[in-house]
Amino acid sequence: MSSTLETFIKNFLSIDEKIEGPILFSKKAVISSNGDPSAAIIKEPLIMSINNVYCINTNKRIIFASSGIQYDVSAKKVDGKTGLALGIWSEEKGAEISTKISHGYVFYSILKEKVYNIRFASRFVSETTFPVAQAIPQVLATIMFILGVLMLIIGFMSSLLLVLFGVVCIIAGAILFTVRSLKTPQAIGVALKQQNTMIIVLRNVIPERKIVETGEKKSETIHSKYSYLYLHIEFSEAVTAAEMSELAQVLMK
Amino acid sequence: MVVPNIKFRKLWLEKRREIGESIDLKKAVVEIRARLSEDLVTQLRHIGFSINVSEKAADVFSNIINKMAMELLKEIQKGEKV
Chain B
2 MSSTLETFIK NFLSIDEKIE GPILFSKKAV ISSNGDPSAA IIKEPLIMSI
52 NNVYCINTNK RIIFASSGIQ YDVSAKKVDG KTGLALGIWS EEKGAEISTK
102 ISHGYVFYSI LKEKVYNIRF ASRFVSETTF PVAQAIPQVL ATIMFILGVL
152 MLIIGFMSSL LLVLFGVVCI IAGAILFTVR SLKTPQAIGV ALKQQNTMII
202 VLRNVIPERK IVETGEKKSE TIHSKYSYLY LHIEFSEAVT AAEMSELAQV
252 LMK
Chain V
604 MVVPNIKFRK LWLEKRREIG ESIDLKKAVV EIRARLSEDL VTQLRHIGFS
654 INVSEKAADV FSNIINKMAM ELLKEIQKGE KV
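Protein sequence lines correspond, in order, to chains B and V.
So the number in my numbering is just where the residue sits in the first sequence, counting from 1, plus 1.
So the number in my numbering is just where the residue sits in the second sequence, counting from 1, plus 603.
Just so you know, the hints here were simulated from the structure itself, not pulled from any lab data.
For each residue, glycine too, the CB sits at the ideal point set by N, CA and C.
Please note: incorrect hints may appear among the correct ones.
[What the hints assert, rightly or not] With a Cα cut of at most 27 Å, we get these calculated BS3-like pairs of lysine-lysine:
#1 B:LYS11 / B:LYS61
#2 V:LYS659 / B:LYS101
#3 B:LYS101 / V:LYS629
#4 B:LYS77 / V:LYS659
#5 V:LYS677 / B:LYS78
#6 B:LYS101 / V:LYS681
#7 V:LYS610 / B:LYS194
#8 V:LYS610 / V:LYS629
#9 V:LYS629 / B:LYS28
#10 B:LYS78 / V:LYS670
#11 B:LYS115 / B:LYS254
#12 V:LYS681 / B:LYS28
#13 V:LYS670 / V:LYS629
#14 V:LYS659 / B:LYS94
#15 V:LYS681 / V:LYS629
#16 V:LYS670 / V:LYS630
#17 B:LYS61 / B:LYS113
#18 B:LYS77 / V:LYS670
#19 B:LYS28 / B:LYS113
#20 V:LYS613 / B:LYS101
#21 B:LYS29 / B:LYS94
#22 B:LYS254 / B:LYS226
#23 B:LYS101 / B:LYS28
#24 V:LYS613 / B:LYS78
#25 V:LYS610 / B:LYS77
#26 V:LYS659 / B:LYS82
#27 B:LYS29 / B:LYS194
[What the hints assert, rightly or not] Over the 12 Å line for every Cβ pair with chain V, so calculated as not near, a few chain B residues:
#28 GLY22
#29 ILE32
#30 ASP37
#31 MET49
#32 ASN58
#33 TYR72
#34 GLY81
#35 SER127
[Stated by the list, open to error] Residues of chain B clear of chain V, computed beta-carbon distances all greater than 10 Å:
#36 LYS11
#37 LYS29
#38 ILE189
#39 ARG210
#40 LYS226
Make the full structure from the sequences, and use the hints.
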């Protein structure tokens, strides 16, 4: 974490508030008030999501903050035509490119009375997606078939040898139509990464008060109810399993 | 059977470099352009675009990124002066 962000965050900490555990970079943090607290399962609808922020645990709050430059790019295949190809060109594939560059600060603070439940996974993953195709030599088979028919027609008028070649070509064409082969891409990209996710269930107490009038007005707590808040944090690939475990231990204390 | 060439991307190392936050946008522009262009080529190749077309798209994109970052920088500097 940069010193600028550290200084920025310290300005928002109260006197008796201190940072506990490691400060980890998270790709995405989703906050929701819906879910099952006992199983630490988050449910829709989600309240909000924050991207590319540091997750800072203090003895009072969980803070999501970032400073500096954030940037991102994504290319998405477009269904149908983009309409960009005109004239003699015809469109084969289309994509929509989205990009964002931002510069500044982000600060979100979530009150934490008690960490009710926690669930996390930290594993090293190697993953890829690639297409495969079953193909038939259709063009070659069609050419052979047409050539065979032509040779047969010409052969009937002139030579027996051409008739034989024609028959052979037609048979070869028919055989080629039954051939099935596997096609794979020339190159495949494989991503090796650390996958880190954590679900934290926070329980905060909401005291319900009523005004009691006994000569002078005063309020009295009649009962308290709990409010649960669910945080689904997807940490960066750069976060190690040891760091994740350390944060989980600090949160569960 | 021909086994495809496999290119490994060690994301945890790439990301570790990325998180080293930079504050100075002017200095960071070159790195942002390079990283985003590389990402874009990978994504377009994954969609099925050819290497040639993907790289051309990355060139166009790189220019756009440069202009976006410069304009952002100009506005930030205006704010600092005020």
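Going through the hints against the structure:
1. With a C-alpha separation of about 14 Å, the suggested pairing of B:LYS11 with B:LYS61 holds against the 27 Å cut-off.
2. About 20 Å separates the Cα atoms of V:LYS659 and B:LYS101, which keeps this hinted pair within 27 Å; it holds.
3. Restraint check: the Cα-Cα separation between B:LYS101 and V:LYS629 comes to about 16 Å, which is no more than 27 Å; the hinted pair holds.
4. This hinted pair checks out: B:LYS77 and V:LYS659 have alpha carbons roughly 17 Å apart, not beyond 27 Å.
5. Among the hinted pairs, V:LYS677 with B:LYS78 is inconsistent with the structure: their alpha-carbon atoms are about 33 Å apart, more than 27 Å.
6. This hinted pair checks out: B:LYS101 and V:LYS681 have alpha carbons roughly 21 Å apart, not beyond 27 Å.
7. For the proposed pair V:LYS610 and B:LYS194, the alpha carbon gap of about 14 Å is at most 27 Å, so the pair holds.
8. Distance restraint check for V:LYS610 and V:LYS629: the Cα-Cα separation of roughly 32 Å exceeds the 27 Å cut-off, and the hinted pair is therefore not satisfied.
9. Taking the CA atoms of V:LYS629 and B:LYS28, the gap is near 24 Å; set against the 27 Å cutoff, the hint holds.
10. Taking the CA atoms of B:LYS78 and V:LYS670, the gap is about 25 Å. The hint holds against a cut of 27 Å.
11. Between B:LYS115 and B:LYS254 the CA atoms are separated by roughly 10 Å; this keeps the pair inside 27 Å, and the hint holds.
12. A distance of roughly 30 Å separates the Cα atoms of V:LYS681 and B:LYS28; the hinted pair therefore is violated under the 27 Å criterion.
13. Distance restraint check for V:LYS670 and V:LYS629: the Cα-Cα separation of roughly 12 Å lies within the 27 Å cut-off, and the hinted pair is therefore satisfied.
14. Taking the CA atoms of V:LYS659 and B:LYS94, the gap is near 15 Å; set against the 27 Å cutoff, the hint holds.
15. Between V:LYS681 and V:LYS629, the direct Cα distance comes to roughly 14 Å. Compliance with the 27 Å bound is thereby established for this hinted pair.
16. Distance restraint check for V:LYS670 and V:LYS630: the Cα-Cα separation of roughly 14 Å lies within the 27 Å cut-off, and the hinted pair is therefore satisfied.
17. Restraint check for B:LYS61 and B:LYS113: satisfied, since their Cα atoms lie roughly 6 Å apart, inside the 27 Å limit.
18. The straight-line distance between the Cα atoms of B:LYS77 and V:LYS670 is roughly 22 Å, inside the 27 Å bound, and the hint therefore holds.
19. A distance of roughly 21 Å separates the Cα atoms of B:LYS28 and B:LYS113; the hinted pair therefore holds under the 27 Å criterion.
20. Distance hint between V:LYS613 and B:LYS101 is fulfilled; the C-alpha atoms sit about 24 Å from each other, no more than 27 Å.
21. Only pairs whose Cα atoms come within 27 Å are accepted, and B:LYS29 paired with B:LYS94 is rejected, the gap being roughly 30 Å.
22. As the CA atoms of B:LYS254 and B:LYS226 are separated by approximately 23 Å, the hinted pair is consistent with the 27 Å bound.
23. Proximity of B:LYS101 to B:LYS28 is assessed by CA-CA distance (about 15 Å); at most 27 Å being required, the pair is judged to hold.
24. At most 27 Å may separate the alpha-carbon atoms for a hinted pair to count; V:LYS613 and B:LYS78 meet this at roughly 25 Å.
25. Simply put, V:LYS610 and B:LYS77 have alpha-carbon atoms about 22 Å apart, close enough for the 27 Å limit, and the pair holds.
26. Proposed proximity of V:LYS659 and B:LYS82 is supported: the alpha carbons are some 20 Å apart, at most 27 Å.
27. In summary, the hint linking B:LYS29 to B:LYS194 is supported, as the alpha carbons are separated by about 16 Å, within the 27 Å threshold.
28. Against chain V, the non-interface label of B:GLY22 holds: every CB pair exceeds 12 Å, the least being about 17 Å.
29. With a least beta-carbon separation of about 22 Å from chain V, B:ILE32 lies farther than 12 Å from that chain, consistent with its non-interface assignment.
30. Look at B:ASP37: its CB is around 31 Å from the nearest CB on chain V, clear of 12 Å, so calling it non-interface holds up.
31. No beta-carbon of chain V is positioned within 12 Å of the beta-carbon of B:MET49; the least distance is around 23 Å.
32. Every C-beta of chain V lies more than 12 Å from that of B:ASN58, the closest at about 18 Å, which supports listing it as non-interface.
33. With a minimum CB-CB distance of about 5 Å to chain V, B:TYR72 fails to clear the 12 Å threshold, and the non-interface call is violated.
34. At roughly 14 Å from the closest C-beta of chain V, the C-beta of B:GLY81 stays outside 12 Å, upholding its exclusion from the interface.
35. Look at B:SER127: its CB is around 8 Å from the nearest CB on chain V, not clear of 12 Å, so calling it non-interface is violated.
36. Every CB of chain V lies more than 10 Å from the CB of B:LYS11, the least distance being 16 Å, so the non-interface label holds.
37. Non-interface call for B:LYS29 relative to chain V: holds, since the shortest CB-CB distance, roughly 13 Å, exceeds 10 Å.
38. Consistency note on B:ILE189: stated as away from chain V, yet its beta-carbon is not over 10 Å from all of that chain's, at 5 Å minimum.
39. Residue-level check passed: B:ARG210 sits 45 Å from the nearest beta carbon of chain V, beyond 10 Å.
40. Residue-level check passed: B:LYS226 sits 40 Å from the nearest beta carbon of chain V, beyond 10 Å.
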